[in-house]
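J.: Take a look at the letters that make up each chain.
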Amino acid sequence: MATTLKGRDIIRIQDLNLDEVGLVMDTAARFESVLVNDGRLTNMSGKVLATLFYEPSTRTRLSFETAMLRLGGQVVSVAEAKSSSSAAKGETLYDTGKMIESYSDVAVIRHPVVGSAQELAEGSGAPVINGGDGAGQHPTQALLDLFTIRKEKGKIDGLTVALVGDLKNGRTVHSLSALLSRYKIRFYFVAPDALAMPSEISAELRKSKVEIIETPDLAKAAADADVVYMTRIQKERFDDPAEYNRLKSSYELNASQLTKVKNGMTIMHPLPRVTEIAKDVDAYKGAAYFRQAANGVPVRMALLALVTGNE
Amino acid sequence: MATTLKGRDIIRIQDLNLDEVGLVMDTAARFESVLVNDGRLTNMSGKVLATLFYEPSTRTRLSFETAMLRLGGQVVSVAEAKSSSSAAKGETLYDTGKMIESYSDVAVIRHPVVGSAQELAEGSGAPVINGGDGAGQHPTQALLDLFTIRKEKGKIDGLTVALVGDLKNGRTVHSLSALLSRYKIRFYFVAPDALAMPSEISAELRKSKVEIIETPDLAKAAADADVVYMTRIQKERFDDPAEYNRLKSSYELNASQLTKVKNGMTIMHPLPRVTEIAKDVDAYKGAAYFRQAANGVPVRMALLALVTGNE
Amino acid sequence: MATTLKGRDIIRIQDLNLDEVGLVMDTAARFESVLVNDGRLTNMSGKVLATLFYEPSTRTRLSFETAMLRLGGQVVSVAEAKSSSSAAKGETLYDTGKMIESYSDVAVIRHPVVGSAQELAEGSGAPVINGGDGAGQHPTQALLDLFTIRKEKGKIDGLTVALVGDLKNGRTVHSLSALLSRYKIRFYFVAPDALAMPSEISAELRKSKVEIIETPDLAKAAADADVVYMTRIQKERFDDPAEYNRLKSSYELNASQLTKVKNGMTIMHPLPRVTEIAKDVDAYKGAAYFRQAANGVPVRMALLALVTGNE
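Residue numbers (our numbering), protein chains in the order written: chain H, 97 to 407; chain Z, 97 to 407; chain B, 97 to 407.
Do not rely on the hints blindly, as some may be mistaken.
The list treats identical chains as interchangeable, and a pair is accepted whether it falls inside one copy or across any two copies.
[Claimed, not checked] Below, in silico cross-link-like pairs of lysine-lysine (DSS-like), each with a Cα-Cα straight-line distance of 27 Å or less: (1) 316 - 344; (2) 280 - 358; (3) 356 - 316; (4) 178 - 375; (5) 178 - 102.
Keep in mind that the hints were calculated from the coordinates and are not lab data.
When you get a sec, could you build the whole thing from the sequences and use the hints?
T.: Structural data, given as structure tokens:
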């Protein structure tokens with residue numbers, strides 16, 4: 097049977113097998129080539145996407161909305177779902193899912209609580225895509241990261257990838273490491289002790305064929321890695337401001353450090369950045385983070401089209 | 097002269113005569129059959145709807161916006177009109193109406209103050225639709241409720257309809273009872289004393305041919321009614337939290353109570369629900385509230401098309 | 097070489113030469129005539145506008161969004177950019193510009209801080225239009241004001257224009273006076289001492305061929321002016337509420353004063369108005385402020401189409 101994602105919810109990156117991941121990558125590449133050549137797509141003409149953001153994330157929301165519009169579709173948007181929606185009146189996400197099913201052909205949800213996307217999906221007959229649920233998952237970010245690595249390096253297998261920063265709370269690195277663990281990858285996990293990758297995640301990853309080197313030393317990792325994936329120390333995930341202030345500047349990459357890295361090393365970041373990457377790094381050829389953000393559009397186009405059967 | 101709503105504002109349900117209500121119902125049914133058969137409508141192509149929400153109501157806003165998009169039209173949206181608009185600078189709704197007239201072909205307003213929709217309409221040369229003004233009116237909800245009853249029961253005349261919950265503050269039941277009073281209807285008004293239907297509304301209804309039975313006993317009404325219309329006790333309408341807490345659980349329908357209702361009884365609710373209807377009721381065949389919400393799209397499509405002359 | 101604005105950012109009104117201003121005027125007039133005749137434009141079909149509002153301005157935002165939709169384009173919108181965006185996480189506008197470049201073909205920014213539009217434009221490869229930056233500039237308002245004067249009076253050269261109200265903080269009058277100073281204009285600057293036009297702006301204007309009469313006397317100016325441009329005393333620009341209360345009612349135009357004005361005098365206002373113009377003035381033939389607001393759509397259509405090369 098041909099691989100298909102029609103009718104599927106995209107909640108956890110682990111729910112996609114390698115064939116399905118490949119289908120997303122190939123569809124994204126196909127859409128991207130149309131856009132690059134100033135072509136027009138009308139796959140989603142007449143269809144409506146609902147974006148429900150219970151937590152601010154301009155980048156993720158605009159990326160999905162642009163993706164839908166570039167496919168010829170339309171968008172209804174709840175940018176401040178927490179305060180302005182039925183949520184304030186006590187509606188469950190299950191019931192919100194029933195609403196969304198009536199009004200749209202596909203939905204994206206961002207929510208501060210783990211499991212929220214799944215609850216919405218249980219209510220909705222229309223496919224639901226998880227745009228990030230608390231410290232849980234951010235599967236579309238992982239897919240666009242993979243797409244970026246493929247484009248930048250021309251391959252996935254055999255690479256050494258350093259994940260740097262808040263590995264404890266960062267759903268981005270949780271989803272990405274789970275996805276990359278299906279391939280032949282060497283990992284560096286670079287974090288201060290207080291923000292180390294949770295041991296249950298590391299344990300799960302070690303069951304696959306990946307190699308993991310844990311170290312707080314960015315310089316050591318950067319000298320050996322093909323890809324350095326920086327992340328922001330997320331203020332909003334800390335209960336204690338003093339702890340945030342102690343750790344926020346743990347890793348700051350600047351141009352002077354780039355003399356000691358592996359030739360052609362690629363720098364990625366899910367953005368927004370604060371001080372993790374100095375502006376003088378932007379001119380470095382391997383600085384891929386803005387290209388990475390742009391890749392969000394074709395990858396999300398692929399997901400929207402695939403789950404609605406309009407690829 | 098043929099019945100038409102072109103150029104009309106939809107402010108109070110009483111402003112529509114029965115021919116006009118019939119026109120809305122028939123147009124909604126026609127649009128719905130196109131959507132159900134995966135057809136496309138382009139009636140509003142090139143037209144712009146403005147949605148101005150001075151009070152949060154995700155369901156009403158998304159329902160109108162989806163309706164406009166399903167007609168091939170476009171939307172400009174002010175989801176947080178209270179804080180983010182000219183309102184904060186002291187602009188009158190009359191002047192806002194002048195603005196809206198310049199920017200859109202039709203507007204929907206939701207506002208916490210009775211009479212606001214009328215004030216906007218006086219300023220705007222483009223048709224204005226009332227999406228709920230305080231404890232005043234919610235005419236489009238009444239129309240979609242009527243559409244739902246017609247679909248669920250196959251008729252309106254001769255039905256016994258129980259309205260349950262906060263009948264004092266609920267604009268939904270005010271508009272719906274006014275609309276149903278044009279037909280041959282028996283009403284149960286089921287409410288605690290403190291939340292009884294205002295006597296001036298009851299008196300007005302009694303002038304028509306309807307029969308009204310007022311009781312605080314939901315079981316009694318449910319045993320006799322063809323349609324039980326549950327409503328939420330609206331926290332935001334109470335000044336005193338203690339009073340809200342005393343009354344909020346007055347009526348809670350669950351599956352065990354459904355053994356004692358009239359065969360085929362239909363359950364409706366404008367949503368969002370909190371505890372008025374337990375989740376175990378969802379599986380009951382007559383549980384029509386999610387279908388009712390979905391009916392908001394074709395009914396609002398009909399209104400948007402009719403008032404702009406694009407039906 | 098033919099005049100073009102393709103690829104240009106619109107940040108300061110001074111950046112446009114008179115040929116470029118003329119191109120905007122002519123393109124706006126052409127688009128307007130299509131709309132007036134119920135025609136359809138598809139110049140921006142398949143293109144996406146991003147509106148980023150870090151400060152509320154419903155009128156400016158909706159005007160730009162309607163303009164884009166009337167050109168057949170699409171919109172992604174951040175109505176509450178300050179709280180809901182990457183800004184809260186500490187992202188620079190330069191980085192936001194990089195994001196916007198990936199997601200849209202053109203962007204409009206409104207921001208409370210002078211220079212913000214320029215910073216966004218430095219990051220973005222897509223054209224950026226300044227929708228108002230603090231007490232700085234509001235170039236598109238100046239262009240729609242010029243368009244309005246041309247339509248109302250049939251000419252620009254030779255007119256006497258009174259600018260009235262908060263000339264100190266009003267970016268609208270700063271941009272408009274700079275634009276009009278390219279023509280043969282006599283100015284009245286009518287303001288209380290505390291809100292007088294900044295001397296550096298007056299000095300700059302005097303370098304051109306304009307004549308400037310500064311007076312706190314509205315009656316005197318109105319008796320002589322062809323155009324009276326009223327502005328709101330902007331509460332949000334005052335640190336001291338007492339000072340605002342002292343000055344807020346400095347100039348209030350009502351119908352009884354219109355007996356002493358020049359025959360055919362035109363009244364303009366960028367809106368929203370509070371008490372500067374009484375409602376009884378609305379019926380006066382020269383009351384152009386609502387027509388002026390409507391002119392925002394064709395002028396912004398022209399700008400969007402010109403900077404993206406889709407005129």
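J.: Are the hints correct? Go through all of them and say.
T.: Right, here's what the structure says about each hint:
Taking CA atoms no more than 27 Å apart as the test, residue 316 paired with residue 344 passes inside one copy only; the shortest distance there is 20 Å, against 61 Å between copies. Taking CA atoms no more than 27 Å apart as the test, residue 280 paired with residue 358 passes inside one copy only; the shortest distance there is 19 Å, against 64 Å between copies. When the C-alpha separation of residue 356 and residue 316 is checked against a cutoff of 27 Å, the pair qualifies only within one copy, where the shortest distance is 9 Å, while the shortest distance between copies is 73 Å. Proximity of residue 178 and residue 375 under a CA criterion of 27 Å is satisfied inter-copy only: 22 Å between copies versus 34 Å inside one chain copy.
Proximity of residue 178 to residue 102 under the C-alpha cut-off of 27 Å is found in neither arrangement, the shortest distances being 29 Å within a copy and 37 Å between copies.
Violated hint: 5 only; the structure is consistent with all others.
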